[in-house]
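Line by line, the protein sequences are chains D and L. For the first sequence, position 121 matches number 112 in the working numbering, and the numbering has no gaps at all. For the second sequence, position 196 matches number 187 in the working numbering, and the numbering has no gaps at all.
Simulated from the structure, these hints should not be mistaken for laboratory data. Keep in mind that this is a model prediction, so the values were computed, not measured. Where is the CB? At the ideal position from N, CA and C, for every residue including glycine. Be aware that one or more of the hints could be misleading.
[Unchecked claim] No farther apart than 25 angstroms at their CA atoms in a straight line, the calculated lysine-lysine pairs in the DSS-like style are these:
hint, chain 1, residue 1, chain 2, residue 2
1, L, Lys30, L, Lys135
2, L, Lys135, L, Lys283
3, L, Lys239, D, Lys30
4, L, Lys294, L, Lys283
5, D, Lys135, D, Lys294
6, D, Lys86, L, Lys86
7, L, Lys86, L, Lys135
8, D, Lys30, L, Lys294
9, D, Lys294, D, Lys239
10, L, Lys30, D, Lys135
[Claimed, not checked] Among chain D residues calculated to face chain L with C-beta under 8 angstroms, some are:
hint, residue
11, Asp21
12, Asp39
13, Trp92
14, Leu95
15, Ser133
16, Glu290
17, Lys294
18, Gly298
Protein chains: 2
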Amino acid sequence: MKERPIKEFEFIDRLRALCGETPENLALCDDVACITPVKDHDWVISVDAIQKGRHFRDGDDPEIVARRLVGSAVSDLVAKGAQPHGCLMAFGRDKSWDDQWLNLFAEAFAREINHYNMALWGGDTVLGHGFAALTVHGLIPSGKIIRRSGANIGDDVYVTGTIGDGYLSRIAREEQAIEMVTHSMDAYACPRPPFAFSHHLIDIATASIDISDGLAADLDHICRNSSCGIEVFVDQIPLSSSGMAYAKRNGVEALIIGGDDYQTAFTAAPTNREMLAMAAQSTNTRLTRIGKVCLEGSECVFKSSDGSALHLEARGFEHF
Amino acid sequence: MKERPIKEFEFIDRLRALCGETPENLALCDDVACITPVKDHDWVISVDAIQKGRHFRDGDDPEIVARRLVGSAVSDLVAKGAQPHGCLMAFGRDKSWDDQWLNLFAEAFAREINHYNMALWGGDTVLGHGFAALTVHGLIPSGKIIRRSGANIGDDVYVTGTIGDGYLSRIAREEQAIEMVTHSMDAYACPRPPFAFSHHLIDIATASIDISDGLAADLDHICRNSSCGIEVFVDQIPLSSSGMAYAKRNGVEALIIGGDDYQTAFTAAPTNREMLAMAAQSTNTRLTRIGKVCLEGSECVFKSSDGSALHLEARGFEHF
């Protein structure tokens, strides 16, 4: 980790004290991390960036920024079946972030990476306009990575957790109705990818993706990469109590294109139903079978209980 | 690499076409990269971030942004003796960056990573306020990483290239006197860490660091981490013709605290002088012995030819 004067130095010192030294991070004082090979394992690597005003609001608590940064990045590893191990953070300090803000951020960041058994391996801190990017590294047994491209015709389609709560919480916050944000819908402020469950997917899931852009857009990615169609039964999509109340009034569309779920969607052969149910139970993970992989089409179709297909205005969150 | 609609999709497509598919990047279409262990080697990892208005100017060419992003990140690997191998980019697109800008950036970025034999392994693209962060991965024989902490009393101190050109070019650009930027001083627009030379430092350099904050600040890091003092002879610091002209008028201080050099400073036992000279010659690298590691002090002292110590107002660039 770069070591520089004034506030930057204190911030890095704080992170170092909170996140600890590991063999890989060279005590966070050598500009680089150094990792040794782990026998019979590959490294899975992903990076996620968040920007003030785009992925979090100007007034959001530093805890929320830290949780969203770590949760969104870990979500990609988890969906691939990898176990999070270490990360490097690029941090663009906003001018409005004072010492107290930075301290609270450092504390929440340390808690979050600890939650996922990750170490801080390094980073770079600059004066920016409120951004952060986290590069995460996870371990997976050699050759076992679960890609987007392996879905087979006839596979079941599953999702973990509930869908749409990140969207609901984001909207409530945008409308300054934070007091309306219930615990069940606060996936926005505290993304919780199913990391205890996901390594059970190795050798079982044929294709997998994290739901960040929205269920529709992300299942489309599986369709495109696996050259298949997917049919989802709308009334089987798992909703929280807030989600059900919203869907009753406004329909389910916004929930499945809203994004920010950070859950895992995957496909698996019907022969694995029992094994998956056991894995979900043993890790206390909500797991729902929501559809089938079918021959027809090259995108995901959402079927209502009357058999009609839902028309979606958009497929997911536009990031650019 | 995340795959998202509209411009983001086109930008990623362009990068994919220019940077190519590799076994590690899963054809840049799976949110993650996957790397397998390389026998008897460690991975050295570093991240560097740049922000519009801070590390490059609003009107800078996309080529300059790409070169500074890649050069500054690779510089850390090079200083540790590692061979660059692959990278992941977090990209926060500024609103002012149109399709043409993005295209030129992608082309320059592909050229730069190719120059260092690096592949693009993944990334994340968001709408931001003009930032980019690059996480670079390099290979080094197991246990051979060159740290900041190994300098011994009596070691020689070396630098590659010339010092102060990045500063001179930055200043000329800030004063809108770009026409005054000579080729010799354009380390700002085109950082060129000595990556062909640096792997010769393995088993020779006792401590090493890249000069990004400024020669003074970065040698201080070696002092602090190696628990030693360093004495640099000012008239031995290698300057370009522009640097010499500047120093004649204004003295050398700004050149040694200005930063943006992206050269390597290292220490080595005097018994290795001949071997280092040969390595420099064979890789066409300018290499200069500028001082000694000494017992006294815990920071770098700059000695003029009359024996007096230079007083520095600051030690380096403040990033935060």
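So, going through the hints one by one against the coordinates:
1. L/Lys30 to L/Lys135: It holds: about 14 angstroms lies between the C-alpha atoms, which stays within 25 angstroms.
2. L/Lys135 to L/Lys283: Status holds; Cα separation ~23 angstroms.
3. L/Lys239 to D/Lys30: The given pair, whose Cα atoms are some 58 angstroms apart, is violated under the 25 angstroms limit.
4. L/Lys294 to L/Lys283: 11 angstroms, holds
5. D/Lys135 to D/Lys294: 33 angstroms, violated
6. D/Lys86 to L/Lys86: 20 angstroms, holds
7. L/Lys86 to L/Lys135: Violated, because 44 angstroms separates the two Cα atoms, which is more than 25 angstroms.
8. D/Lys30 to L/Lys294: 50 angstroms, violated
9. D/Lys294 to D/Lys239: Distance ~17 angstroms between lysine 294 of chain D and lysine 239 of chain D Cα, so the pair holds.
10. L/Lys30 to D/Lys135: 19 angstroms, holds
11. Asp21: 5 angstroms, holds
12. Asp39: Holds - the Cβ of aspartate 39 of chain D comes within 8 angstroms of chain L, reaching about 5 angstroms at its closest.
13. Trp92: 13 angstroms, violated
14. Leu95: Where the cut-off is 8 angstroms and the nearest Cβ of chain L is about 17 angstroms from leucine 95 of chain D, the hint is violated.
15. Ser133: With a minimum Cβ separation of about 7 angstroms from chain L (threshold 8 angstroms), the hint on serine 133 of chain D holds.
16. Glu290: This interface hint is violated because 13 angstroms lies over the 8 angstroms limit.
17. Lys294: Since the shortest Cβ distance to chain L is 23 angstroms, the answer is violated.
18. Gly298: With a closest approach of 29 angstroms, the glycine 298 of chain D hint is violated.
The structure does not agree with the numbered hints 3, 5, 7, 8, 13, 14, 16, 17 and 18 stated previously, though it agrees with the rest.
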